[in-house]
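Chains as they are written, first to last, in my numbering: chain A, 1 to 77; chain B, 1 to 77; chain C, 1 to 352; chain D, 1 to 352; chain E, 1 to 182; chain F, 1 to 182; chain G, 1 to 248; chain H, 1 to 248.
What the hints contain is simulated information worked out from the structure, not anything from laboratory work. It cannot be assumed that every hint is accurate.
[As the list claims (entries may be wrong)] One-sided excerpt, in silico: chain C residues whose CB lies under 10 Å from chain G:
no.	residue
1	50
2	59
3	71
4	193
[Unchecked claim] Taking lysine-lysine and the DSS-like style, the derived pairs with C-alpha atoms no more than 27 Å apart in a straight line are:
no.	chain 1	residue 1	chain 2	residue 2
5	E	84	D	269
6	G	234	B	7
7	A	39	F	84
8	G	234	H	242
9	B	51	G	182
10	H	182	H	242
11	E	169	E	159
[What the hints assert, rightly or not] Far from chain H, some chain A residues (derived; all Cβ distances over 12 Å):
no.	residue
12	33
13	34
14	47
15	48
16	49
17	50
Here a beta-carbon is modelled for each residue, glycine too, at the ideal position from N, C-alpha and C.
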Amino acid sequence: MSDRPNKVVIDEELCKQCELCVVVCPVHALRISDRINTKGFHPAELYEYDKCIMCGFCAMTCPERAIAVYRPEVQKA
Amino acid sequence: MSDRPNKVVIDEELCKQCELCVVVCPVHALRISDRINTKGFHPAELYEYDKCIMCGFCAMTCPERAIAVYRPEVQKA
Amino acid sequence: MSERILMKGNEAVGEAAVRAGCRLYFGYPITPASEIAEYMAYRLPQVGGTFVQAESEVSAVNMVYGAAAAGKYAMTASSSPGFSLMQEAISYMAGAEVPAVLVNVVRGGPGLGDIQPAQSDYFQMTKGGGHGDYRLLVFAPYTIQEVVNLMPTAYELAFKYRNPVVLALDGLIGQMMEAVEFTDFRNPDEIPIPEWAVSGKFRHGGKKNINTSLDLIPEKLEAHNWKLQKKYSEIEEKETRFSYFGVDNPETLVVAYGTVARVAMSALKKLLNAGRSIGILRPITLWPFPKQALAEKARHAKRIVVLEMSSGQMIEDVKLSVFDPNKQYEFYGHPGGVTFTPTEIEEYLVRG
Amino acid sequence: MSERILMKGNEAVGEAAVRAGCRLYFGYPITPASEIAEYMAYRLPQVGGTFVQAESEVSAVNMVYGAAAAGKYAMTASSSPGFSLMQEAISYMAGAEVPAVLVNVVRGGPGLGDIQPAQSDYFQMTKGGGHGDYRLLVFAPYTIQEVVNLMPTAYELAFKYRNPVVLALDGLIGQMMEAVEFTDFRNPDEIPIPEWAVSGKFRHGGKKNINTSLDLIPEKLEAHNWKLQKKYSEIEEKETRFSYFGVDNPETLVVAYGTVARVAMSALKKLLNAGRSIGILRPITLWPFPKQALAEKARHAKRIVVLEMSSGQMIEDVKLSVFDPNKQYEFYGHPGGVTFTPTEIEEYLVRG
Amino acid sequence: MTKDLVVAGFGGQGVMLLGQIIALAATEKGLNATWLPSYGPEQRGGTANCTVVVSDEEIASPLTDKPQFAVIMNNPSMAKFEPKMAAGGTLIYNSTLVTQVPARQDIKVVAIPANELAEQAGSARSANMVMLGVMAWVWRDVFTQEDLLTAMVHKVGDKRPQLLEINKKAFALGYEAAQKAI
Amino acid sequence: MTKDLVVAGFGGQGVMLLGQIIALAATEKGLNATWLPSYGPEQRGGTANCTVVVSDEEIASPLTDKPQFAVIMNNPSMAKFEPKMAAGGTLIYNSTLVTQVPARQDIKVVAIPANELAEQAGSARSANMVMLGVMAWVWRDVFTQEDLLTAMVHKVGDKRPQLLEINKKAFALGYEAAQKAI
Amino acid sequence: MKVVYERPKTLEKVTNHYCPGCHHGILHALIAEVLDEMGLAEKAVGVAPVGCAVLAYNYLDIDWIEAPHGRAVAIATGIKLAHPDVLVFTYQGDGDAAAIGLAETMYGAIRGVNVTTFLYNNAIYGMTGGQMAPTTLLGMKTTTSPYGRDAKREGYPLKMAETIALQGGTAFSARTALFNPKMIMETKKRIRQVFELQMKGAGFTFLEVVGTCPTNWGMSPVDATKFAETEMVKTFPLGVYKELKEVE
Amino acid sequence: MKVVYERPKTLEKVTNHYCPGCHHGILHALIAEVLDEMGLAEKAVGVAPVGCAVLAYNYLDIDWIEAPHGRAVAIATGIKLAHPDVLVFTYQGDGDAAAIGLAETMYGAIRGVNVTTFLYNNAIYGMTGGQMAPTTLLGMKTTTSPYGRDAKREGYPLKMAETIALQGGTAFSARTALFNPKMIMETKKRIRQVFELQMKGAGFTFLEVVGTCPTNWGMSPVDATKFAETEMVKTFPLGVYKELKEVE
Ligand SMILES: Cc1ncc(C[n+]2csc(CCOP(=O)(O)OP(=O)(O)O)c2C)c(N)n1
Ligand SMILES: Cc1ncc(C[n+]2csc(CCOP(=O)(O)OP(=O)(O)O)c2C)c(N)n1
Ligand code: SF4
Ligand code: SF4
Ligand code: SF4
Ligand code: SF4
Ligand code: SF4
Ligand code: SF4
Ligand SMILES: [Mg+2]
Ligand SMILES: [Mg+2]
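Please construct the entire structure, taking both the sequences and the accompanying hints into account.
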């Protein structure tokens, strides 16, 4: 996963586990992780990298603005 | 005038000489008198007794409610 | 009914008011006083009373003004910033001699400040506040039981003297719980509507009642003011309350009220056990201030220590009461919502 | 510009503010202060300033709050009931250290009272007023010229100490006319916008400015309070003003301010001519109160006579300043908007 | 020198203006002057009055409880101020309207038919200017006629020449009447 | 006898309730008790705590700066209250969550895996009831187990029998653990 | 002899303090007439404002309270809840009800408090000597809009009857006037209607009445009355803006 | 790599104090985004309310002032008149702007003050722990309407966007929401619009934003968001209520 270009980057310390991003994602690419941050929340994570269409809905919905979304340069066929 | 039945009775002490009654009278039966009351105002008076149709407009317009209007019993013909 | 109930201070304020006969509450939420409104919103409908959440404290106190002028036991409660907004109406009520109970659960200031317990509205409640010459009876209970016990008195005196009465609490007393006993329950229907109440002429024999604080003729307004001052003198004479705890003629006299007095008690007890010549005079009425009692207790004292959760307000009344330059006056305070700890008071008194 | 102009006190307030550099006035009409607003409504547009008739005094003082926090000389004026409505915001401004000049043309109270000159807002302005521990610099001029002279100082000190300043007049000073000279005219464009002003980051090097009176951590709020207290001590030390007129060590010391002092002057002059050992100490700043000066002047006095158009408020500060039980303290007052006459003061002082 | 004067009458009689003109004249002469109005409820309907103090020293109280001079324009004002006059004071009254003649023996009383003279001048509304003329004579030790006339122009303006003429005439008639009466 | 106790932890850990149950039990026994919450900004996100004082005399200060007893449910609370403990005091902590083990030698320290035991009882949310059980043992000179259980029922109600069972079980596990640990 | 009109019993027989020709006097009298006709004077409580009507308590023979400036509806709320059986009305100026008291008046309507508010709209602050009111017409000169009210500088006239009509608890909101006998009769009819609605517990009832201020408008009473008829109504159209037909 | 979304520069990189899932955070971010896009952060002054957003000054990297409860528009008026060149906006809760501050907010609109007000409508007093707001829905239980808001007892929800739209000085009044990406984009568009209008000197601009309070509604953030979408909008219809097209 780490050598794939960034699509959805979540700042886990900012996340409050509200799940709004999870619900808003049109392709169900996000979920709440098992990890725990220093405030005691389980941050959201992108677990379906390939499904993600980089629509940005999660980012614009996140009340913490914990999410950044990038569109990797596409090697046009 | 004094032996004719009351039509318009003006409490001259209450009158403030605003002229609203004078202006509102449809038959121009009222005017401001020459007399002066203890507050220094010239009270209104009915000077055209016969013209007065006892409509009550002057009374309902008077901000001081200084006017009473009566309709004498009419001897039906 | 004399069961001991564990209750939050703010809720006890509400229940005590209900039991004193209050059925009309008008308030606007503010920490740390909101539970009074919340309790009343829940409780008053149960007993046929009315709770209104006003749009502001200005409006709340004016609703109380109306209800009280109509002869009923009414109440509002707030905390410092909200209480500041009530000052115009309070001056009016004092001027028009309208009785009501107003609760101020004081918090740290100035401005928005914080929401922790404080005593920095002393001047506002006892002297300044609104415009013009007037006084408010100000009760400063230091336990929840005392809150409950004072409530019927607050209403009685408000109506007896036709004057607003303030219950001065602070966030600590409002938020803590302890056991209280409620003994009274006054049926509001048995409280007569006073003669003077603005309640429709038919209620008082067709005589017209006017409630106003206006008198455009200064000589008449002056006479009205002297009448008020006479009333205030009578209140000073008859309604001053305090408690004293300690040795008879203490060398060190501590003056503190409300939460501070309560925290100081812990220290006092220790020092008395250690044989110190010390005592604490606790004003229960901040106005009228227990001047004479204080002067007497201070007679043999060397040190007079005033403890306040403020930067020093009651200290002025203490000095005016004792009025003796040959004493040592000490002020020790915490403004801004910081509460004393028993240890620090003890250490201060020992050190000093 | 040093022409003598016959002017109404209230209008002189406006003109003096304009000349001190004030271009923003927010107010709500009330007798006997309305002419200040009326003058500003007419005058400010002439000099590129802005007058806003606010919807209430609450709103007016908050507009001043905003404009002053933005770094500008702003002003409002009112009379007692309206001033009461400003108390919450005044506490905020003191807490957030926002400088402005607020004028209170005091009238008879409490409540709606009347519209005649009074001094019964002394406590409100010097101590009580809003919630929390704070102080206002309170100037009490007694001639229109003094109003004019104090105005630039009022703004300078407000900004120097970042604290609201009150100009305490009364209906008599507001309504009377006398000749004044205006010497200064400060170009507001030359008054720098302070560093701390909430005026857009671009105005102060991109650094973010926050103006707030909130600090939810009580220890920090306490520290802020002690910082304010330190400032107040500095003001007490440096900015106390008074005037004295009479023999050096008077047997009878009269204390009075504003209109009362002015009326008393007539009596004083007569008594001094008659060889009496008398003097009048006139506080020009009600807060800081001229404690030391008063204590000194009182050293040899037997009688200390406090004259107020109230039922007795400044008398407390007089006692606290002198703090000597071996003097005779006399209070003679008129609450409710009644003004002293020169004759009655003379008679009182002679008789007493 | 310190002189004080009360001017009292109905709201519409221009008593405030009369007081202000005198205060202005004093100011323009370099003297000290205060003008103090009664305001508020007294104004509406009832009497209005103002107090003028003129002095070559600093003026202490702008308010006087024993006026040395008074111009009284109507009955209620007479009732109010006659008893307050300082002994030896001068009370000038508008004899056209005031029917209640002063009884005190220890004051000087001057009756001026102000409304009559004003109408003579061209308008009953200039009765106050008649009284200004009277004061020009009464306080001739302080003001020249010119002083007061200049102040009057400064105060009421000279935009309406006709009105000004009437006022000046009224002033002159008042001055004349005072010369005769006193 | 006067005992005090601080209960501290995250907002959701039921520390306020735990304190209230103990205060209620004392009240129901005819003792005096005070319960004092921290309120305001401390609550949101950060730690919440309350102070309980129980006594057979009148209680002066409801607030204590040197607690004799403490129940600590999370790390921030440990950091806050360990240094404040009175010498000789007893500090009970939730060893499931608290990783910062107390260092002071002059206090008694009791580690209770409250969350573990709570989960054993049926719900991690009853960790506070585990601690109630612990306090039942620690303050056995004041309360019987019955006292505290009755107060618990009065406080949380018995409408949801399943929950009540879990709570009781948690209580029992806590009591047992305390017996062993102390 | 039939009585066409006699001074209503509830109108105290004293000279009021209003300036000659001021419509305040007419509105007072109409309220008194309706109270008489409905037999409600014994059960009525009036709330006087701060404004020219501050002394209204001297003119109607009913119980009265004088409220702080702008707080009449709050005061009325307290009284009504204390004694739901009394008829409570506030009598306020435009400054009182729509400037400093805007929130209180609005909340009467939002909350549906079962009281009546009469707003005397004379487009000016009468009592304090002619300052701008929320209802001052555009272009009008007042002592605080000496250059004429300019929308850009002094904002727009506030239309209270319309704004109040929008609120949920309003049972009635209308604007009438007093500039001729027809409008006077209309106003009286509406006064009766709002009192009836209140006695039925309908909620907040609001009657804005366009009046005059000859003194501060600088007009004769007759001219002021004409100005109300021709100019005021342009900015303040007369009419009923909300009217609850059925009261449960 | 193209940036689809990155945290706006003007949004301070700190954890805010809002409860998980509260829409306050979204509205903050949108304002920050628009300020960034318009390059206005250096010229902006925010007025923070008393309410949950009281600490808003910690979150946007612009100048801020914290106003007394309800007085934000008055404060904003003072600032704007002191510096007409800055962009001034207030950020307020429903309690702040529509209860205690109703008069101030209304007068922003009546006077046409050239500032922007954002009203976060969560139908409750969030900060003080869930008391009834002017906008609380009928039937909704809060700590001060424990039996559910009943129109007869607690009055009717106040519709601010509609009421503000009625006032003469209003250049723009609308109600939007944040419950899905479409509405979030719509809200952002409106924020830009009102800022543009203000920079043109159009007058008072008002944006009511329907938000949530998961904590005091006793719902999960997801449920609260759904409640906003399905229930809140019934009482508070979304839409533009007034929109000045031409600005002179
Ligand atoms: C708190 C307060 N602010 C201001 C005033 C002064 N004041 C008295 S009446 C009034 C306005 C009167 O105008 P309006 O309400 O329109 O009544 P009107 O006199 O025109 O009938 C004002 C501003 C006051 N008494 N109290
Ligand atoms: C004068 C005054 N009254 C009351 C309060 C208490 N208070 C703080 S915030 C608030 C209401 C908050 O509700 P809202 O404006 O809807 O904002 P939210 O928290 O819901 O975002 C209240 C009543 C206060 N600080 N000052
Ligand atoms: S960018 Fe769009 S598709 Fe990708 S995770 Fe976010 S919401 Fe889902
Ligand atoms: S929306 Fe943001 S805060 Fe909420 S779960 Fe997703 S990343 Fe976390
Ligand atoms: S009753 Fe009618 S006709 Fe007679 S005087 Fe009056 S208005 Fe004129
Ligand atoms: S309307 Fe009344 S007050 Fe006016 S002139 Fe006629 S009688 Fe006199
Ligand atoms: S000032 Fe105006 S409103 Fe007041 S009484 Fe006179 S005319 Fe009527
Ligand atoms: S209390 Fe409600 S409005 Fe406030 S931050 Fe929490 S969820 Fe948001
Ligand atoms: Mg008006
Ligand atoms: Mg809200």
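Right, here's what the structure says about each hint:
no., hint, verdict
1, 50, "holds (5 Å)"
2, 59, "holds (4 Å)"
3, 71, "holds (7 Å)"
4, 193, "holds (8 Å)"
5, E:84 with D:269, "holds (22 Å)"
6, G:234 with B:7, "violated (37 Å)"
7, A:39 with F:84, "holds (24 Å)"
8, G:234 with H:242, "holds (22 Å)"
9, B:51 with G:182, "holds (21 Å)"
10, H:182 with H:242, "holds (21 Å)"
11, E:169 with E:159, "holds (17 Å)"
12, 33, "holds (15 Å)"
13, 34, "holds (17 Å)"
14, 47, "holds (18 Å)"
15, 48, "holds (17 Å)"
16, 49, "holds (15 Å)"
17, 50, "holds (17 Å)"
Checked against the numbered hints above, the structure violates only hint 6.
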